[in-house]
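Once you've looked at the hints, dock chains B, C, D, E and F against the given chain A.
6 protein chains.
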Amino acid sequence: MTDTTTSAGSRKDGRTLDQLRPITIERGWSDQAEGSALISFGKTRVLCTASFTNGVPRWKSGSGKGWVTAEYSMLPRSTNDRMDRESVKGRIGGRTHEISRLIGRSLRAVVDMKALGENTIVIDCDVLQADGGTRTAAITGAYVAMADAIEWAREKKFIGQRSKPLIDSVSAVSVGIIDGTPMLDLAYVEDVRAETDMNVVVTGRGLFVEVQGTAEGAPFDRSELDSLLDLALVGTTELALLQNAVLAGPAE
Amino acid sequence: MTDTTTSAGSRKDGRTLDQLRPITIERGWSDQAEGSALISFGKTRVLCTASFTNGVPRWKSGSGKGWVTAEYSMLPRSTNDRMDRESVKGRIGGRTHEISRLIGRSLRAVVDMKALGENTIVIDCDVLQADGGTRTAAITGAYVAMADAIEWAREKKFIGQRSKPLIDSVSAVSVGIIDGTPMLDLAYVEDVRAETDMNVVVTGRGLFVEVQGTAEGAPFDRSELDSLLDLALVGTTELALLQNAVLAGPAE
Amino acid sequence: MTDTTTSAGSRKDGRTLDQLRPITIERGWSDQAEGSALISFGKTRVLCTASFTNGVPRWKSGSGKGWVTAEYSMLPRSTNDRMDRESVKGRIGGRTHEISRLIGRSLRAVVDMKALGENTIVIDCDVLQADGGTRTAAITGAYVAMADAIEWAREKKFIGQRSKPLIDSVSAVSVGIIDGTPMLDLAYVEDVRAETDMNVVVTGRGLFVEVQGTAEGAPFDRSELDSLLDLALVGTTELALLQNAVLAGPAE
Amino acid sequence: MTDTTTSAGSRKDGRTLDQLRPITIERGWSDQAEGSALISFGKTRVLCTASFTNGVPRWKSGSGKGWVTAEYSMLPRSTNDRMDRESVKGRIGGRTHEISRLIGRSLRAVVDMKALGENTIVIDCDVLQADGGTRTAAITGAYVAMADAIEWAREKKFIGQRSKPLIDSVSAVSVGIIDGTPMLDLAYVEDVRAETDMNVVVTGRGLFVEVQGTAEGAPFDRSELDSLLDLALVGTTELALLQNAVLAGPAE
Amino acid sequence: MTDTTTSAGSRKDGRTLDQLRPITIERGWSDQAEGSALISFGKTRVLCTASFTNGVPRWKSGSGKGWVTAEYSMLPRSTNDRMDRESVKGRIGGRTHEISRLIGRSLRAVVDMKALGENTIVIDCDVLQADGGTRTAAITGAYVAMADAIEWAREKKFIGQRSKPLIDSVSAVSVGIIDGTPMLDLAYVEDVRAETDMNVVVTGRGLFVEVQGTAEGAPFDRSELDSLLDLALVGTTELALLQNAVLAGPAE
Amino acid sequence: MTDTTTSAGSRKDGRTLDQLRPITIERGWSDQAEGSALISFGKTRVLCTASFTNGVPRWKSGSGKGWVTAEYSMLPRSTNDRMDRESVKGRIGGRTHEISRLIGRSLRAVVDMKALGENTIVIDCDVLQADGGTRTAAITGAYVAMADAIEWAREKKFIGQRSKPLIDSVSAVSVGIIDGTPMLDLAYVEDVRAETDMNVVVTGRGLFVEVQGTAEGAPFDRSELDSLLDLALVGTTELALLQNAVLAGPAE
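Residue numbers (this note's numbering), protein chains in the order written: chain A, 535 to 786; chain B, 535 to 786; chain C, 535 to 786; chain D, 535 to 786; chain E, 535 to 786; chain F, 535 to 786.
Some hints here could point you the wrong way.
[As the list claims (entries may be wrong)] Subject to a maximum C-alpha distance of 30 Å in a straight line, what follows is the list of computed DSS-like cross-link-like pairs (lysine-lysine):
| no. | chain 1 | residue 1 | chain 2 | residue 2 |
| --- | --- | --- | --- | --- |
| 1 | C | Lys623 | D | Lys698 |
| 2 | C | Lys691 | B | Lys577 |
| 3 | E | Lys546 | A | Lys690 |
| 4 | D | Lys648 | D | Lys698 |
| 5 | A | Lys594 | F | Lys594 |
| 6 | B | Lys546 | B | Lys594 |
None of these hints come from the bench; they were simulated from the model. The structure displayed is predicted, hence computed values, not measured ones.
So here's chain A without its partners, still in its complex pose (with noise of 0.2 Å):
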């Protein structure tokens, strides 16, 4: 009856309502970074990077703890128009300035920053290609790339070999509501209909970092809210044992 949803309950591109898009995690994409991963969400594609350095920013210096942070960034042909590019404007737009927050948030919610030592770990994700979910992508992918870029510092003795920076994985969807009926993992012609579009992300023991709901159209009750948050659990579980599998396998 709805654009997105078939009278069966599944959706234009053949899911259920609580199906991820297919997810590959290409590990280690990149030759000059310490840890990367190129991470599909269906057509979303992001290339995310952590870069480690010894040593922190000023603020930070002396105080026996490390930081990480990151920076996120879409190509200007990765959407279906194209769009100007922010270095091109000489200003970051907020959309970007707010990503880039909440994925520096996420990640820092599962880094015990005292067994990380005095060391930077910067986060690039760089939207290569964008269909919805961009920022969900990011954090799980980024979650990879900053692991293996763990590894690589306790091989390069930067941080002791007892030392355990991750306290706990993390890893992010979206769910949303659409014609009353709340989904998984939107894909772009699906949240742009959406009335509630929410982000989620959460740790691999399934407790909450961010929960980041927004009424495009109507107002939403309670039940709603439940409901989203069952759905995005689902979503978050699957990605959690895909970054495990990843990171058990050989690094590329």
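Just chains B, C, D, E and F now, with coordinates in the frame of chain A:
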């Protein structure tokens, strides 16, 4: 046993866990703006103005619909340590962008753009003094300013006598978990110690517009999330009553 | 016979030619700043804060002398038509720069930098509502804020008990010629019609710090210049008395 | 007894107190501009061009009136120590803005915008070498450039044969008090030592356009102000004669 | 005897002096752009997209001619050490500008703007991984992307069936002198040691579009210049064949 | 038969194909800079200054080597139509960056940084009037300014008496093909009509520092490239002689 609550469960400033700070709304503070409110959440003071202009941005032109947007800013010495002005730095920070966008979305959620017609309302929220909760005070005060700007426009015949652009009221409050205890409307000293911090935007009818929860310290579980949402609704219910009372009184 | 004066020589708002608008100074408005004042010249309202910090900019370091600087800004809806924010435009306009520099010079003229020692005072003057004369109100209010910041520093022992950094007080007023008639303290409706507009900054002892006269319409002759200076001194004498009275009263 | 004057009351460079530095005006220096002048006040050299274009900025369109505006800039090595370029810094400083605005106002004061018609004159004053008094040299030279641009426009029939856009000439000079002694046309070594510094813009008929006096050191009294104005008029009278002589000569 | 060549005249990576690195072109990499290619010159990988839009910039409007322009950028971690993003710095560096302009000119050299009609092609070349020769890889890949975008436009009837906007193909390669020996297609470790570095852009017919030779170390003589040009033509001849082969194959 | 040459093979301005425009170099034009030259290539006039400072940028510190850098800019009315100032636009254009970098590289090619010691020379080339060939005039004049700055430093003992930082001279000229005919030193009217345009930087010994050839219209073949290089060497040989003659004469 902690810095912010006494053994009796009340807080440093004597409030109970589900108690708002003293809220005051000085409606019509500005002689220039079509609508305005100077709102205080305790020591947090935000000047909200609503500027009504006939016409819409080019990309809305001809749609028959109106537009509402918002800008948030802090005076450099609104805080305990003076901050550099963003105009002097030549760029707007990510936090400012994020909050401006949040305020705009929150207000648009209660406006029927068709009923507003091709008119634009620009909300300015300038923090004169900051003590935690500036974005929630801003949303709560901005609603009052916007309501008056719409009345002004009705009198000036920019919108029809029977048009009802306001479909609901909207207010916002922060909640957080400190030393494991959920609390309502955090003051600055509480906010910096919170493990989890959540801003909740709710309509007068009790529907959610935005839920933004962030684990600043430890990730949170589903039952903590539920407790925070319960507390938030206590606060926004009270704020909605206050907004109505203020708007029912004489305009200054 | 004109828009701003009646046949009896008084003005639209009932003032005589040499009469200031009602002046109020709310000392200690801010809970955050070391010194502050919310000053009104009629409907013009400026929030002035003085931020005192120990230490000086690098280029002053080791000189044994202090530094005083100022920043002026207008809220976007302080004026009748909303102005774009300079932070959004990404650059500060010439007028803003000019006034910030004027305020800084005016205050430095009454400070003995040696007696201030290696300390810095940053003055912020934010126009909450504008109705002409914002720069003169800013200077007049900033002096009160600065005086309190210096007292604060004396109590905190950042400056010696016997040091007297303030060598005089300072205030400012605008004067102008409208339809050939010189007038004191122009409100906005008068300002836009003035042929000549002059801002005069004067110390408590009656000495000139700044004289900035501009022929907006017709150039002016020597006798007109003299009349304007006479009028300005009437105003600054009154302002100096008010500043003293406010500072002699109890600090809030 | 001082650095800048000898006991006989003359100055380091041999001038008397009311003597200008050697002034030269090379009219028509540029092959490109509609009007131009390379002016020297001693070692201060400013290249002034006047660019005439048919039409006015949008906000003037349809008014039947013209527009005159100015931009001032210093070459990076016009000064003794090299300054960073404002284009490289990405922002224009307050001083540059201030002087550009002063030059624009000064020239507009002698132009009948109605007689100019819907045409625009942009004045560029680029300081090739700086030795004090750059803004006054700029105004004085810019008048000559503008007069030639208007003649060019008359020949090209952009303005009518009988239109008289120039209602007067305009020139400017600095005066200051050094060691208590008022002096005319300060060179850089004098300027940095001045207690009071004043820039005065005067029309050919002897009327004031701008009076900008600043106490850099000690505040000044009314009689000092009067002496400075007297001296300034000596200078601008001489400059006006020189401008007339140059413009009466053959155009290059 | 040197770091980059063995005694047998071959190079560190086993190539002969006139041998290109392995070149791969993944045509149609992007699902969003009208034309695209992911090109590799060894470890250098550049994503090239061509965005076709109907219409031209205002300054071309009505000319009956089209426009082609290009933007080049490097991902922050495309290099061995992470670089700051130009969007974060708020300004584009000289090198980026220079290369963007070079790519644009190179592609325009093989386009008949009349045959293109009033349509615009924007080329984006984003370096995903850098190991020397990024600008030459960008030009070579961009040609393939542009050719596909033109075919797309022909199918969509934005350009006529018989119009031939492409008058030739274009590719580019770097050459350099290292320890006195000229070499083709420098990898990064070779590039940093080159005394002379030259980028040469050549059409499919073997004509020069750009020759940019720079003495990084010692200036070079005429015979060295000739050797470099000979080598470059070896490379571009091979690249042209590869481009043709790729475009003759099936579009993805 | 063409706009720029007569049937006799000479050009509009009477020059032969291999003839430079009248070149003048006014050495020591500036009273402020350590070295300076006002150079003219016909109507093109560029003011070149060399600012010598003891010390080097941080990234060179401790290397025992010096640094030379350059900045190029055009006055807004140096051209036939007034251009906007880059300081006003808030960003430097690609062309300006490109030329600044070219000048810097060209001058560094003839400086022995070890002999210069830890000193910095900043070259400023400001185009006062533009008629084609501004970058080549800038390089040619900048060499003279730099040579004088080095002599100044030797006198001031910033560099040793026997140090020889200058290992060669350097000059530059443009060449181009117009209507199939190669020509030396293009004036603006020739430049805009050139099919191919080349800037060549050559040392006094006749070695190439930069060769930058661009097909503005049709691509060019090897023999055309050879003709252009031949012509360029005619020009730079003459310019080198002139530079030597000027530097052999008395410093102003």
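**Prompt:** Which numbered conditions among the earlier hints are violated in the structure presented, ordered from lowest to highest?
**Reply:** 1 and 6
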